[in-house]
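In order, the protein sequence lines correspond to chains A and B.
Residue numbers for the first sequence follow the working numbering, so the first one is 14 and each next one is one higher.
Residue numbers for the second sequence follow the working numbering, so the first one is -18 and each next one is one higher.
Honestly, the hints are just simulated from the structure, not real lab data.
Think of the CB as a built atom: it goes at the ideal place given N, C-alpha and C, for glycine as much as any other residue.
Hints are supplied without guarantee of correctness; some may be wrong.
Computed beta-carbon distance windows for the label pairs [what the hints assert, rightly or not]: (1) Met195(B) - Gln275(A): 37 to 45 Å; (2) Ala368(A) - Ser234(B): 36 to 44 Å; (3) Arg378(A) - Gly140(B): 29 to 37 Å; (4) Asp276(B) - Glu49(A): 47 to 55 Å; (5) Gln275(A) - Phe116(B): 31 to 39 Å; (6) Gly365(A) - Gly140(B): 16 to 24 Å; (7) Pro246(A) - Arg(-15)(B): 53 to 61 Å; (8) Phe116(B) - Lys250(A): 39 to 47 Å; (9) Ser242(A) - Leu126(B): 25 to 33 Å; (10) Leu145(B) - Lys250(A): 53 to 61 Å; (11) Leu107(B) - Tyr234(A): 19 to 27 Å.
Straight-line alpha carbon distances no greater than 25 Å define the calculated SDA-like cross-link-like pairs of lysine to any residue that follow [to be verified]: (12) Lys250(A) - Lys88(B); (13) Lys202(A) - Ile166(B); (14) Lys294(A) - Ser232(A).
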Amino acid sequence: MDSQINRRNFFKGSALLAGSAGLLVGANGTAYASGEPIPIGQAAPLTDFAAADGVEFRNGLILACEEINALGGVLGRPLEPYFEDTKQMGDATNVQAVQRLIDRYAVHAVINGYNLGSGSAVQDVIADAGIIYMHNDTSRGHGALVESDPQRYFGSFQTDPAEIWYGTGLLKFLKSLEDDRSFSRPNNKMAIILSAGTYASNIANTVRDGAAEFGWDVSLYETVNVPISEWGPTLAKIRQDPPAVIVVTHYFPADLAQFMIQFMNNPTPSLVYMQYGPSVKSFRDIAGEAANGVVFSTVIGALQDEIGLEFERHYKERFGADAGHNSGMQSYNGAWIWATAAALAGGSGEPGNDAQNRKVADRIRSLIFRGVGGTTRFTPAGQDVYSYPGGVDDPSLGMPHQFLQIQDYTREPDLIAPWPYGKAAFKLPPWMNG
Amino acid sequence: MTARQRDITLCLLFSGLAALLPLVSDVRYTVTQTTFFFIWATVVVQWNLVFGIGGIFSLAQMALFAIGAYTTAMLGYYFGTSMILAMPIGALLAVLFSVALGLACLKLRGPYVALLTLCVAQVLYLTIVNDTDCFTNPPSGCMPLMGGVRGFSRFGDLGFRELLGSGFYVGRYYVGLAILTVAMIVSIIVIRSPMGLAFQALRDNPVYAAARGMDRFKYQLWIFGLSAFFTGLAGSFYAVNTGAVGPVVFSFSHLLFLLSMIIVGGVGTIWGPIVGALLLMFAEEAMRELGDMRDIGMGLILVVCVVLMPRGIVGLFEDLVRWRTARTAQAVPLPRRETV
């Protein structure tokens, strides 16, 4: 790996040292990364429809490795990343990719972004090898699996909260908008549009099940086949019975951009909420002006604070102005947590060295890591991350569920919630301004 | 030694050599990737029976594979059935499905068979991925009857973990090798039997074959069902070996990759599918680091093979042997006739 960072440059004005990177520096002491490399792996969708994110996951891991190596690696051993393509993803493909990383490179840890369609199969491969797995599949299935057999799945960590927090977080967010009079509902109707798959349907079901408690009637609950570019039939139903809020839990950026383009041809006075997809730059590139006003949220992303902005600057400097740092931060964050824990545990273990990797896992569980996306703290039972404000009410103890709004499609979206991270106020979308 | 005996002996010899691999190689990657080779080779050997020998342009092979895989996974997931029992059940269900499909499509010819079998596979795929209704609600969230987009995992294994510990993959290797060996021997027996000759006759001169009393429909239905058993069994073993089954098994690119193995190796030859599978899996492995260029590389190999070796590698080899034999025969002077 062509390292572009040295120790001196890294120390000079690095915002991350204000966070938890200091732990690694302390553990490494004066060690320089010159020992035998530690292979670490990533299985990511480097080709096919999710490649835009997959490439950023790879970049995030590369950047983290460069920075960690500049600080002495893990107790003097540099990190060497290897990658496998998960293409269209799904358990069967993901498992084979992770198995290859273990069999071919003997990786000590697998540090992923997300892989869609993931159930629990990869965790079994990891458990068989006795290594560490950090991923962002954003699935409540992960927590349920680890709880079912904590001894076997000791090494699997989901470095973001489960997807169900999207649902509860949204309902609370809408209430907060109404409470501070930024938004008033013209009626109680809510349209929910989802795609096939556990992830999107888990979010949609959580919104649907909790809607009545917040005074909402679900007027439309529609599953669409994806990828989708023709939204006419769905929009016709929305226009026939305009809801106050449209909730889209499908997440492909290009599909969501097409939704907005076609919605803006004849918009209804509805607040449009989407999840994850609009955080990817290609959404704004495709939707253009039609993206203005869209509200979206992500349970993991770079904050717009000192640490987050420094990361963004650094990331774009390294990978180009169009690089998607919000996706890249997922594996970046996971790599830093693992490396810090491995250094504190006295080193990492190769496949089969369960004893050493159990020490690393113990350290990961006990860390409260302040990274570019806020706080990463793992739930003891499920080894996934606490969500703030849905799961905990202290921002220093949970990863913020960020609500953002695209107020000007030519620049990055504005972070509007939660407190204290919000940097801008919510604005009524242009199509609702009369 | 007859041709059939020779081919079966060769097959057993190769299997014996392959059985030594885990003993001489301590590289786990080689062993696990070879296990995948056994799976795909089994599928293409059986597909070759249908396509190359039977002359049926069926694209249902991955659907049969998926039926084996899904049946095994669902039996394990919903009923806790032992994988040793679930695997043959998966294979038998693939046979039933194949025979039903054969009854519907074998009256058709050529591209119509391809279209119908592809349509059936697509209907199965769409039924699975568009099913969002929760059949069960485990802690991990909604689980549609056939697994939906996510599919199934944690449905059981063959017990090699308990038996062999961290070397469990070696046990699976030998299961894969055994399935391929039996599938290959059955394929040789069919090709080198009167049934194989009947197929050759039906393919080369259907009118004459029919005039001699050969029932095309009956023979094709037989081969459709027979090949489905091993294809379904390969699917069942794939599910157990991977530990997960999802709709990716229906992917069109996968289908084409397997079809390419037959074409590159040699359609209708005994050893062609094995050679094609070996070559393309090696090529894919060698180009793994090239990203998108890998697909272009694989495409180039296919184009070069189709243009320069229309009968595939084994076909070319057979042509060369035939040419050399003919040349040798010409070179040997005829015995001089004694004149009285």
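Hint-by-hint comparison with the structure:
Taken as a hint, the range 37 to 45 Å is violated for the pair Met195(B) and Gln275(A), whose Cβ atoms sit roughly 58 Å apart. Our hint of 36 to 44 Å for Ala368(A) and Ser234(B) holds, since their Cβ atoms are close to 42 Å apart. In this structure the hint that Arg378(A) and Gly140(B) lie 29 to 37 Å apart at CB holds, the actual value being about 32 Å. Taken as a hint, the range 47 to 55 Å is violated for the pair Asp276(B) and Glu49(A), whose Cβ atoms sit roughly 35 Å apart.
Remark: the range hint 31 to 39 Å for Gln275(A) to Phe116(B) is upheld by a beta-carbon distance near 33 Å. With their beta carbons about 20 Å apart, Gly365(A) and Gly140(B) fall inside the hinted range of 16 to 24 Å. In this structure the hint that Pro246(A) and Arg(-15)(B) lie 53 to 61 Å apart at CB holds, the actual value being about 59 Å. One distance hint, 39 to 47 Å for the beta-carbon pair Phe116(B) and Lys250(A), is violated here, with the actual separation near 27 Å.
The hinted range of 25 to 33 Å is satisfied by Ser242(A) and Leu126(B), whose Cβ atoms lie roughly 29 Å apart. The hint said 53 to 61 Å for the Cβ distance between Leu145(B) and Lys250(A), and at roughly 56 Å that hint holds. Checking the proposed 19 to 27 Å range against Leu107(B) and Tyr234(A) shows it holds: the Cβ atoms sit about 20 Å from each other. Between Lys250(A) and Lys88(B) the CA atoms are separated by roughly 44 Å; this puts the pair beyond 25 Å, and the hint is violated.
Restraint check for Lys202(A) and Ile166(B): the C-alpha separation of about 65 Å exceeds 25 Å, so the hint is violated. Taking the CA atoms of Lys294(A) and Ser232(A), the gap is near 31 Å; set against the 25 Å cutoff, the hint is violated.
Violated hints, in rising order: 1, 4, 8, 12, 13, 14; the structure is consistent with all others.
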